[in-house]
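First to last, the protein sequences are chains A and B.
Quick note: the first sequence, position 270, residue 270 per my numbering, numbers continuous.
Quick note: the second sequence, position 445, residue 445 per my numbering, numbers continuous.
FYI, nobody ran anything at the bench for these hints, they're computed from the structure.
Among the clues, some could well be false.
[Said to hold, decoys possible] Heads up, incomplete: computed chain B residues facing chain A, CB under 7 Å, no partners named: (1) Pro263; (2) Leu269; (3) Thr370; (4) Ala371.
Small disclaimer: the values here were computed from a predicted structure and weren't measured.
Every residue gets a Cβ at the ideal spot worked out from N, C-alpha and C, and that includes glycine.
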Amino acid sequence: MENAILVSGLHKTFGRTHALNGLDLTVRTGEVHGFLGPNGSGKSTTIRVLLGLLRADSGSARLLGGDPWKDATALHRRLAYVPGDVTLWPNLSGGEVIDLLGRLRGGLNPKRRAELLERFDLDPRKKGRAYSKGNRQKVALVAALASDVELLILDEPTSGLDPLMEEVFRECVAEEKRSGRTVLLSSHILAEVEQLCDRVSIIRNGQTVESGTLTDLRHLTRTSISADLATPLTTIPGVHDLVVDGTRVRFEVDTDRLDETLKHLTSAGVRSLTSQPPTLEELFMRHYQGAAR
Amino acid sequence: MTGLRHLIRLILRRDRVLLPLWVLILGALPAVYAASFAELTPTEESRVLYARTTAGIPSIEAMLGPVYGHSVEALATQRAGLTLLIVALINVLVVIRHTRAEEDAGRRELVAATVVGRHAPLAAALVVAAGADLVMGLLTAAFMGFSGGSLLLGMSMAFAGIVFAAVGAVAAQLTENAGPARGLALAALGVAYLVRAAGDATGSDLSWASPLAWSQYTKPFAGDDWRPLLASLGLTVVLAVAAGWLSLRRDVGGGLLPARLGPAGSTSLTGPFALAWRLQRGLLIGWSAGFLIFGLAFGGAASGAADAFRDNAELAELFARLGGGASLTDTFIATLLGIAAIAAAAYGIQAASRMRAEEGAMRAEPVLATATARVPWALGHVVFAAVGPVVALFMIGVGLGLTYGADVGDLGQVPRLIGAALAQAPAAATLTGLTVALFGLLPRLSAAAWGILAICLLLGQIGALLQLSEAVLDLSPFTHTPHLPGGEVTALPLVVLAVVAVALTAAGLWGFRRRDVGV
Numbered sequence: 001m002e003n004a005i006l007v008s009g010l011h012k013t014f015g016r017t018h019a020l021n022g023l024d025l026t027v028r029t030g031e032v033h034g035f036l037g038p039n040g041s042g043k044s045t046t047i048r049v050l051l052g053l054l055r056a057d058s059g060s061a062r063l064l065g066g067d068p069w070k071d072a073t074a075l076h077r078r079l080a081y082v083p084g085d086v087t088l089w090p091n092l093s094g095g096e097v098i099d100l101l102g103r104l105r106g107g108l109n110p111k112r113r114a115e116l117l118e119r120f121d122l123d124p125r126k127k128g129r130a131y132s133k134g135n136r137q138k139v140a141l142v143a144a145l146a147s148d149v150e151l152l153i154l155d156e157p158t159s160g161l162d163p164l165m166e167e168v169f170r171e172c173v174a175e176e177k178r179s180g181r182t183v184l185l186s187s188h189i190l191a192e193v194e195q196l197c198d199r200v201s202i203i204r205n206g207q208t209v210e211s212g213t214l215t216d217l218r219h220l221t222r223t224s225i226s227a228d229l230a231t232p233l234t235t236i237p238g239v240h241d242l243v244v245d246g247t248r249v250r251f252e253v254d255t256d257r258l259d260e261t262l263k264h265l266t267s268a269g270v271r272s273l274t275s276q277p278p279t280l281e282e283l284f285m286r287h288y289q290g291a292a293r
Numbered sequence: 001m002t003g004l005r006h007l008i009r010l011i012l013r014r015d016r017v018l019l020p021l022w023v024l025i026l027g028a029l030p031a032v033y034a035a036s037f038a039e040l041t042p043t044e045e046s047r048v049l050y051a052r053t054t055a056g057i058p059s060i061e062a063m064l065g066p067v068y069g070h071s072v073e074a075l076a077t078q079r080a081g082l083t084l085l086i087v088a089l090i091n092v093l094v095v096i097r098h099t100r101a102e103e104d105a106g107r108r109e110l111v112a113a114t115v116v117g118r119h120a121p122l123a124a125a126l127v128v129a130a131g132a133d134l135v136m137g138l139l140t141a142a143f144m145g146f147s148g149g150s151l152l153l154g155m156s157m158a159f160a161g162i163v164f165a166a167v168g169a170v171a172a173q174l175t176e177n178a179g180p181a182r183g184l185a186l187a188a189l190g191v192a193y194l195v196r197a198a199g200d201a202t203g204s205d206l207s208w209a210s211p212l213a214w215s216q217y218t219k220p221f222a223g224d225d226w227r228p229l230l231a232s233l234g235l236t237v238v239l240a241v242a243a244g245w246l247s248l249r250r251d252v253g254g255g256l257l258p259a260r261l262g263p264a265g266s267t268s269l270t271g272p273f274a275l276a277w278r279l280q281r282g283l284l285i286g287w288s289a290g291f292l293i294f295g296l297a298f299g300g301a302a303s304g305a306a307d308a309f310r311d312n313a314e315l316a317e318l319f320a321r322l323g324g325g326a327s328l329t330d331t332f333i334a335t336l337l338g339i340a341a342i343a344a345a346a347y348g349i350q351a352a353s354r355m356r357a358e359e360g361a362m363r364a365e366p367v368l369a370t371a372t373a374r375v376p377w378a379l380g381h382v383v384f385a386a387v388g389p390v391v392a393l394f395m396i397g398v399g400l401g402l403t404y405g406a407d408v409g410d411l412g413q414v415p416r417l418i419g420a421a422l423a424q425a426p427a428a429a430t431l432t433g434l435t436v437a438l439f440g441l442l443p444r445l446s447a448a449a450w451g452i453l454a455i456c457l458l459l460g461q462i463g464a465l466l467q468l469s470e471a472v473l474d475l476s477p478f479t480h481t482p483h484l485p486g487g488e489v490t491a492l493p494l495v496v497l498a499v500v501a502v503a504l505t506a507a508g509l510w511g512f513r514r515r516d517v518g519v
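Using the sequences and the hints given, assemble the complete structure.
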């Protein structure tokens with residue numbers, strides 16, 4: 001099985017809202033896949049469809065080779081899920097919730113459970129109502145990570161965690177990946193995505209706008225160049241936002257036209273040149289901004 | 001008290017449908033009773049007979065309270081004795097809904113961080129509850145013709161509510177969650193009712209210990225006496241101040257009773273049924289204990305009716321006719337069981353509604369994302385919603401049978417009254433089934449089950465008095481329950497009710513299997 005998750009042309013409407021509008025998503029087995037998009041773009045809806053909690057209006061979704069709606073129970077034995085906003089039963093302790101969810105999933109590794117409690121510095125005896133947001137998140141994380149499953153579906157799992165715990169989380173996900181598990185990670189934290197993810201999909205308004213490795217995505221963006229030239233140039237073909245100040249020029253260029261543009265510059269004699277590759281922030285800002293209309 | 005005005009408006013906005021509804025219905029109830037008495041007992045003679053009859057039967061006084069005078073209005077006032085209980089109940093729920101339940105949901109923090117005085121949220125809830133009570137009282141007075149007596153009746157009803165709004169306010173300070181706070185305040189209400197019932201049944205001064213009695217000792221339409229309401233007012237002020245004082249001694253979100261640590265793990269939470277047991281056992285134990293206590297208390301009062309019966313041949317004949325040939329005690333116990341059936345249905349709805357609550361709080365989602373399929377998850381709760389009311393009814397049968405049986409020296413009453421109590425179960429189960437059906441098929445209308453129970457309650461209470469047609473009365477499942485003990489038993493209606501309940505439950509589960517979760 002090459003793909004753990006294969007979604008194509010997914011549609012889902014709630015009343016008049018079109019939450020998913022032909023969404024595509026491919027997660028290969030064994031990879032950590034970043035799932036990105038602005039608030040309300042349909043990430044959680046997609047995840048709920050994958051979990052068989054929502055039924056898609058049209059389009060196809062395959063999860064671990066099965067149908068997420070029809071084979072929900074059987075598939076759920078092979079995956080663990082951490083919601084973005086964990087609510088616990090007020091009168092159950094964290095330890096009880098971890099054991100309950102683990103058992104409902106088909107068992108959890110007690111050694112791993114103890115180790116994770118230690119690493120996440122979580123007191124399992126507290127009652128659900130006494131936990132802070134971050135600690136509730138840890139309860140769900142420990143329950144998921146201590147389960148022996150093929151696929152982890154994590155919906156903004158680090159919201160509310162402090163930076164130290166975020167680091168522990170990253171180590172854990174890296175370990176999961178090394179032991180061959182597949183991870184779908186919805187996140188807003190770019191450093192996390194950059195460090196962990198093999199490939200990412202960016203969605204907006206219920207549609208996939210970009211998908212690929214981070215290197216691939218970088219190629220789709222522009223590089224900023226500023227240069228001091230021997231002879232002034234007034235026009236450079238194929239660049240954006242050109243500013244000419246005597247012999248100094250500043251502009252942005254599509255990464256696939258970089259070569260051509262540099263040749264043009266050297267013909268005018270380059271005295272100094274700085275080039276800045278696109279940052280991830282810029283990459284995402286560009287994709288996210290369209291949603292903020 | 002900064003921000004009080006805004007918070008009051010917030011509560012009125014949130015309760016804009018429910019609040020006017022109960023104010024209007026409860027405000028109109030005494031006038032409906034009066035109209036029906038005018039119909040049923042048109043002559044002075046018949047009213048005197050009725051008043052003498054009820055005054056002679058301790059068990060009726062225990063249930064409704066004492067009767068003063070024999071005017072249509074005075075008889076209606078006694079009949080409204082149970083309405084006081086409902087008014088008090090609603091006030092407890094309203095105050096806790098807008099205080100502790102808000103803290104539970106974390107919304108109180110959002111409000112407390114704005115320019116709002118420390119006491120404002122509590123004060124706002126009390127002001128709205130008391131204001132609604134007063135409007136209800138004025139409506140009662142208006143519907144009853146705005147005489148001195150009607151105003152007093154209205155204010156007596158209002159103060160029964162206001163006192164228990166303050167009880168709710170105190171309970172909301174003591175516990176960390178809305179559930180236990182409700183339990184505490186409702187237990188206080190139960191005790192107040194039992195104390196009044198015991199006092200009135202025995203004709204002792206014990207009743208004065210119950211705030212519910214104060215609202216009846218005002219004797220509206222029979223020598224109006226406003227002074228008992230001073231006691232109600234005094235107790236309200238004391239409780240409200242106590243609640244304010246307690247709220248200063250705790251943190252927002254915290255209770256006065258300290259939170260305890262739980263176990264570090266669990267070996268017993270093995271599946272959806274074990275989880276449902278953890279979430280449902282408090283309800284089961286609370287309702288069963290409450291039913292047992294009520295059974296014990298009223299079983300003791302019931303035999304008093306037999307004494308009155310022995311002394312008065314005229315009375316015996318009258319009640320034999322009312323009860324369709326059944327004995328007086330049987331009629332009394334059957335009436336009581338009719339009320340128990342409604343309460344058992346309320347429990348069934350409450351237990352079945354837990355599914356929707358779990359879904360709404362996003363706690364169903366992580367469980368359904370495990371290997372737990374939807375139907376087993378739902379069945380865990382459905383089992384409690386179906387069996388719980390049966391257990392509770394069994395307990396009231398045991399309670400009634402033990403004390404009544406001990407009184408008349410016949411413990412054979414225990415199985416007989418258990419049987420009578422269990423005959424109520426199918427009607428109650430139809431409402432549980434309805435709740436499950438709504439949850440599965442029309443989840444957003446889940447709360448409508450409560451409205452339907454309220455309609456059944458009204459049909460049972462005033463349907464016959466309003467002389468509604470048989471077809472309308474037949475809409476309520478409780479109409480079809482045989483009048484037990486003492487009445488004739490036909491199996492068919494019970495079987496039909498049970499089949500309806502099972503069919504509704506199955507439809508709900510079928511719907512839940514194929515609908516979206518989390519909508």
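Evaluation of the provided hints:
Hint status for B/Pro263 relative to chain A: holds, with the closest Cβ pair at about 6 Å, below 7 Å. Interface restraint check for B/Leu269: the shortest CB-CB distance to chain A comes to about 4 Å, inside 7 Å, so the restraint holds. At about 4 Å, the closest approach between the beta carbon of B/Thr370 and any beta carbon in chain A falls short of 7 Å, and the interface hint on this residue holds. For B/Ala371, the interface hint holds, since its Cβ comes within 7 Å of a Cβ in chain A; the closest pair sits about 4 Å apart.
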